[in-house]
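Asker: Residue numbers (the UniProt record's numbering), protein chains in the order written: chain A, 1 to 539; chain B, 1 to 539.
It cannot be assumed that every hint is accurate.
Pairs of lysine to any residue residues, derived as SDA-like cross-links and limited to a Cα-Cα distance of at most 25 angstroms, are as follows [said to hold, decoys possible]:
#	chain 1	residue 1	chain 2	residue 2
1	A	K137	A	P362
2	A	K242	B	L270
3	A	K242	B	I39
4	A	K242	B	L28
5	B	K242	A	A211
6	A	K242	B	L43
7	B	K242	A	I39
8	A	K242	B	V24
9	A	K138	A	L349
10	B	K242	A	H41
11	B	K404	A	S22
12	B	K103	B	T126
13	A	K242	A	V24
14	A	K137	A	F509
15	A	K439	A	N27
16	B	K242	A	A35
17	A	K372	A	P362
18	A	K404	B	Q170
19	A	K404	B	S22
20	B	K404	B	V342
21	B	K439	B	A313
22	A	K242	B	V38
23	B	K242	A	P362
24	B	K242	A	E44
25	A	K404	A	L234
26	B	K404	A	V24
27	A	K242	B	E44
28	A	K508	A	L234
29	A	K242	B	A35
30	B	K242	A	T425
31	B	K404	B	S143
32	A	K404	B	H20
33	B	K242	A	L34
34	A	K242	B	G21
35	A	K404	A	T425
36	B	K404	A	H20
37	A	K404	B	V24
38	A	K371	A	R507
39	A	K242	B	N27
40	B	K103	B	V24
Just so you know, these hints were derived from the structure itself, not from any lab.
Protein chains: 2
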Amino acid sequence: MAAAFSAVVSRLQVLSTSDHGSVVSLNLFVALLLACIVIGHLLEENRWMNESITALVIGLCTGIVILLTTGMKSSHLLVFSEDLFFIYLLPPIIFNAGFQVKKKQFFRNFMTIMLFGAIGTLVSCTIISLGVIQFFKKIGINSFDIGDYLAIGAIFAATDSVCTLQVLNQDETPLLYSLVFGEGVVNDATSVVLFNAIQSFDLNHINPRIALQFTGNFFYLFSASTLLGVLTGLLSAFIIKKLYFGRHSTDREVALMMLMAYLSYMMAELFYLSGILTVFFCGIVMSHYTWHNVTESSRVTTKHAFATLSFVAETFIFLYVGMDALDIEKWRFVSNSPGTSVAVSSVLLALVLAGRAAFVFPLSFLSNLAKKNPNERISFRQQVIIWWAGLMRGAVSMALAYNKFTSSGHTHLRDNAIMITSTITVVLFSTVVFGFLTKPLIRLLLPHPKHTSMVFSDPNAPKSVTFPLLEGGQDSEGDLMVPDIGRPSSLRSLWTTPAHTVHYYWRKFDDAFMRPVFGGRGFVPFVPGSPTERSARQL
Amino acid sequence: MAAAFSAVVSRLQVLSTSDHGSVVSLNLFVALLLACIVIGHLLEENRWMNESITALVIGLCTGIVILLTTGMKSSHLLVFSEDLFFIYLLPPIIFNAGFQVKKKQFFRNFMTIMLFGAIGTLVSCTIISLGVIQFFKKIGINSFDIGDYLAIGAIFAATDSVCTLQVLNQDETPLLYSLVFGEGVVNDATSVVLFNAIQSFDLNHINPRIALQFTGNFFYLFSASTLLGVLTGLLSAFIIKKLYFGRHSTDREVALMMLMAYLSYMMAELFYLSGILTVFFCGIVMSHYTWHNVTESSRVTTKHAFATLSFVAETFIFLYVGMDALDIEKWRFVSNSPGTSVAVSSVLLALVLAGRAAFVFPLSFLSNLAKKNPNERISFRQQVIIWWAGLMRGAVSMALAYNKFTSSGHTHLRDNAIMITSTITVVLFSTVVFGFLTKPLIRLLLPHPKHTSMVFSDPNAPKSVTFPLLEGGQDSEGDLMVPDIGRPSSLRSLWTTPAHTVHYYWRKFDDAFMRPVFGGRGFVPFVPGSPTERSARQL
Numbered sequence: 001m002a003a004a005f006s007a008v009v010s011r012l013q014v015l016s017t018s019d020h021g022s023v024v025s026l027n028l029f030v031a032l033l034l035a036c037i038v039i040g041h042l043l044e045e046n047r048w049m050n051e052s053i054t055a056l057v058i059g060l061c062t063g064i065v066i067l068l069t070t071g072m073k074s075s076h077l078l079v080f081s082e083d084l085f086f087i088y089l090l091p092p093i094i095f096n097a098g099f100q101v102k103k104k105q106f107f108r109n110f111m112t113i114m115l116f117g118a119i120g121t122l123v124s125c126t127i128i129s130l131g132v133i134q135f136f137k138k139i140g141i142n143s144f145d146i147g148d149y150l151a152i153g154a155i156f157a158a159t160d161s162v163c164t165l166q167v168l169n170q171d172e173t174p175l176l177y178s179l180v181f182g183e184g185v186v187n188d189a190t191s192v193v194l195f196n197a198i199q200s201f202d203l204n205h206i207n208p209r210i211a212l213q214f215t216g217n218f219f220y221l222f223s224a225s226t227l228l229g230v231l232t233g234l235l236s237a238f239i240i241k242k243l244y245f246g247r248h249s250t251d252r253e254v255a256l257m258m259l260m261a262y263l264s265y266m267m268a269e270l271f272y273l274s275g276i277l278t279v280f281f282c283g284i285v286m287s288h289y290t291w292h293n294v295t296e297s298s299r300v301t302t303k304h305a306f307a308t309l310s311f312v313a314e315t316f317i318f319l320y321v322g323m324d325a326l327d328i329e330k331w332r333f334v335s336n337s338p339g340t341s342v343a344v345s346s347v348l349l350a351l352v353l354a355g356r357a358a359f360v361f362p363l364s365f366l367s368n369l370a371k372k373n374p375n376e377r378i379s380f381r382q383q384v385i386i387w388w389a390g391l392m393r394g395a396v397s398m399a400l401a402y403n404k405f406t407s408s409g410h411t412h413l414r415d416n417a418i419m420i421t422s423t424i425t426v427v428l429f430s431t432v433v434f435g436f437l438t439k440p441l442i443r444l445l446l447p448h449p450k451h452t453s454m455v456f457s458d459p460n461a462p463k464s465v466t467f468p469l470l471e472g473g474q475d476s477e478g479d480l481m482v483p484d485i486g487r488p489s490s491l492r493s494l495w496t497t498p499a500h501t502v503h504y505y506w507r508k509f510d511d512a513f514m515r516p517v518f519g520g521r522g523f524v525p526f527v528p529g530s531p532t533e534r535s536a537r538q539l
Numbered sequence: 001m002a003a004a005f006s007a008v009v010s011r012l013q014v015l016s017t018s019d020h021g022s023v024v025s026l027n028l029f030v031a032l033l034l035a036c037i038v039i040g041h042l043l044e045e046n047r048w049m050n051e052s053i054t055a056l057v058i059g060l061c062t063g064i065v066i067l068l069t070t071g072m073k074s075s076h077l078l079v080f081s082e083d084l085f086f087i088y089l090l091p092p093i094i095f096n097a098g099f100q101v102k103k104k105q106f107f108r109n110f111m112t113i114m115l116f117g118a119i120g121t122l123v124s125c126t127i128i129s130l131g132v133i134q135f136f137k138k139i140g141i142n143s144f145d146i147g148d149y150l151a152i153g154a155i156f157a158a159t160d161s162v163c164t165l166q167v168l169n170q171d172e173t174p175l176l177y178s179l180v181f182g183e184g185v186v187n188d189a190t191s192v193v194l195f196n197a198i199q200s201f202d203l204n205h206i207n208p209r210i211a212l213q214f215t216g217n218f219f220y221l222f223s224a225s226t227l228l229g230v231l232t233g234l235l236s237a238f239i240i241k242k243l244y245f246g247r248h249s250t251d252r253e254v255a256l257m258m259l260m261a262y263l264s265y266m267m268a269e270l271f272y273l274s275g276i277l278t279v280f281f282c283g284i285v286m287s288h289y290t291w292h293n294v295t296e297s298s299r300v301t302t303k304h305a306f307a308t309l310s311f312v313a314e315t316f317i318f319l320y321v322g323m324d325a326l327d328i329e330k331w332r333f334v335s336n337s338p339g340t341s342v343a344v345s346s347v348l349l350a351l352v353l354a355g356r357a358a359f360v361f362p363l364s365f366l367s368n369l370a371k372k373n374p375n376e377r378i379s380f381r382q383q384v385i386i387w388w389a390g391l392m393r394g395a396v397s398m399a400l401a402y403n404k405f406t407s408s409g410h411t412h413l414r415d416n417a418i419m420i421t422s423t424i425t426v427v428l429f430s431t432v433v434f435g436f437l438t439k440p441l442i443r444l445l446l447p448h449p450k451h452t453s454m455v456f457s458d459p460n461a462p463k464s465v466t467f468p469l470l471e472g473g474q475d476s477e478g479d480l481m482v483p484d485i486g487r488p489s490s491l492r493s494l495w496t497t498p499a500h501t502v503h504y505y506w507r508k509f510d511d512a513f514m515r516p517v518f519g520g521r522g523f524v525p526f527v528p529g530s531p532t533e534r535s536a537r538q539l
């Protein structure tokens, strides 16, 4: 009882006790976040670094300093809490990704993204599970059953969409960004579904009925989550359009959008759906309708406030993972068998590489088969980047591993402790080493990525500065500047491939039924151009 | 142990567990916040209501519904947590108040504000303490000692600055707003200092040395807190000016400002200073320097994002107090002696009224003596409003009462339970009844408050919409539109009274030394007017 009590207290202390220790750790955390921002800014010109790596390294250094000052007793100010991560840090990141995503690019590649995110994750999970079954016994890890192996598969099938946002640039490589990031969002959801399914199904008696149930469960989860996100987004657009808050208070509009987005995530969690998918689609709908119904200042505010929240949450996560990595308690078991630990980490890294290769190349081939226009196909070089950029494992893997292999943040069994430290190793290694090499790899394989970038804006200027105050600044340039527009062949293909026909009917439907009710660009007074002309030009 | 354990768990559950109950309560909370925003918006035209009362009433109604559905077992989804309040909800409110305050108005009345906030609170605390010593024994409350009585004085001397923000309008009654709100900020700090001093000093042996120590402690705390806030604000201005983040990312600028503000609060808590004072002055300095160093979009974003955070935190607090008020456990003791409880609440309310009257009128008289210009004096009608508008007791009183009279959120002694329920009663009654009557009272006593309002902006248009995108929109109108400007007598007084001489030298100093280093209006490229001309016109 006392142990559990102190475990709970230590776990929650940074969140809500007035004891002086938690004030110290909050101070340290905020100061470190500030350091990450300033140092990340100073290192921005460096081609090898990105902000995730900066935050990770600062976190690791702080961990070392704390470890030394406390006499090797404790390096962590707080134990990694999956709830802090899933309830507070992840929603703003994913919502902002949906809010700022280039919708045309995303929906144009929707089928490919779904293929990668759903089938790809299944393939990856299967290969990793089979691999660990094969190798772990040889290494000397014997205490796991089939459920544990499948859980390991699900844990390491979860791409880190947060890190992907950092290494790929939406303006420089829009196709790759939308593919890898879109896949990451679907993949996060798939991994969480898989993981929960593995935890709840009786896996010693796999039969076709369970497999069917599992597939049905996935489709239910996917469609229900998407629907919930879309409905919440539409509701926010409707309320703001009807009540016209802007006349009275910008602050209320911003608060309403923020709270509705968060509500969509929490409602998904309430109904055991995928909050990540829900909040992502809520972000897309809000940027398509709600954002155009609010005042000028609300638009500037929401755009930057959501981006800032997401940025801070991302930095926080990496800092946190870095600081938590040195937790001495977990490494105590490992120090007795360092060989095993290194072997486990290496096997897992190799399986992550193999598992991702096993679906990126075949599924890209499949996806290319469906595309009639050669310009729309994914080239082999792009496939390599897709494979590489999705190799990073991050906080989702950490959170799932903690959920599976610890009780109340403490690790008691040797094999469990090794799994936790191996997860940390894989996360650190993949983020730092793979993340480090992604920018140079893109430069190597796509030497002139700028031919796919926006024409209007300077690529050196970051997204948020270019046209922050233009009413159409949010995605019109991006929507119009898809890589191959202007070339006759692709312009023709815009109307010949099935996806664009869907797009055409969607536009018709949107203009006829959705916009009059929910607003959106062209249905608000302050757009200078003709409403129909403008609205016809965008998704 | 088990009891303490479950107490801690239930207390923290909404913050960080993944169990389904906490997801349910988070959902309910976010939905209720949304309801408050929408209903508050619909009731905005109503002259009697304000958002605090709406949130309180919605909270109370929800509490009743939960009470009925759970079969009178529990009405609260979570127990009032002073840490949630002091660490997360209060800082954004006070920071935003400092950020948006009309600096000229505030500093012009600085001495009066200090007089009210420091001396006034001491007077009020003394009168309430003497009153409860006098009356409580007669009512039948016998278990308290001198320390408890003084603590009760400190608890009920804490004006609710959050509620003041809601009932007074900065544009309509700028003098009253700056006096009452400024007093509220200083008063909050004084109450917390008083309360902590009473908790730590041995009050059975009061001697001149302790009194001196106490006074010294107060002045140390006040000056150190102010200095810390000013230094943090200046540091943020310096960093942003030097690194010029705006060229790279608006999000970084906004994140930096937000985190620096929070860091100032947490650092004050770390050094046992008054976080409220620190973050208030940090807000003032940031709006004077830092805000002018950032990009256009950062300025719009910070202005509205801070206001939104503050608005949501305020609504949350009132909702929370409303929901917590019906906690059945606390009322169980009281139901055995309803007469005592009513008597205690009435005595406290009467003492609050008397304690405030005892310093507002004498100190206003003193303050008027120092003013040579009759237009600057506080009229008797204004004194009545100052007295009335500061009567509300809010979350600070609740938090202090919980700190004093409960252990881990549970009340075991009868007298302690009665104190908690009486605090709730006083808070609810003062907020609802006094808050309700403030707007009509102002209309009654100052029938034409608009002659003191801004000329440029429509008084019906809320603050955030009028000039949201003008570069000087933040406080230049307010600074120039002090009530009596334009009248020759007061224009003359601008240069004759000592306060204005201080202001004149400060402006000189600011232009010569501060602005070149820390930026500010006139020292950034995008101001159209001549820098010296513009900077000479404002504080």
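Asker: Mind listing which of the numbered hints don't hold for this structure, in increasing order?
Answerer: Of the numbered hints, 1, 2, 5, 8, 12, 13, 14, 15, 18, 23, 25, 30, 34 and 40 do not hold.
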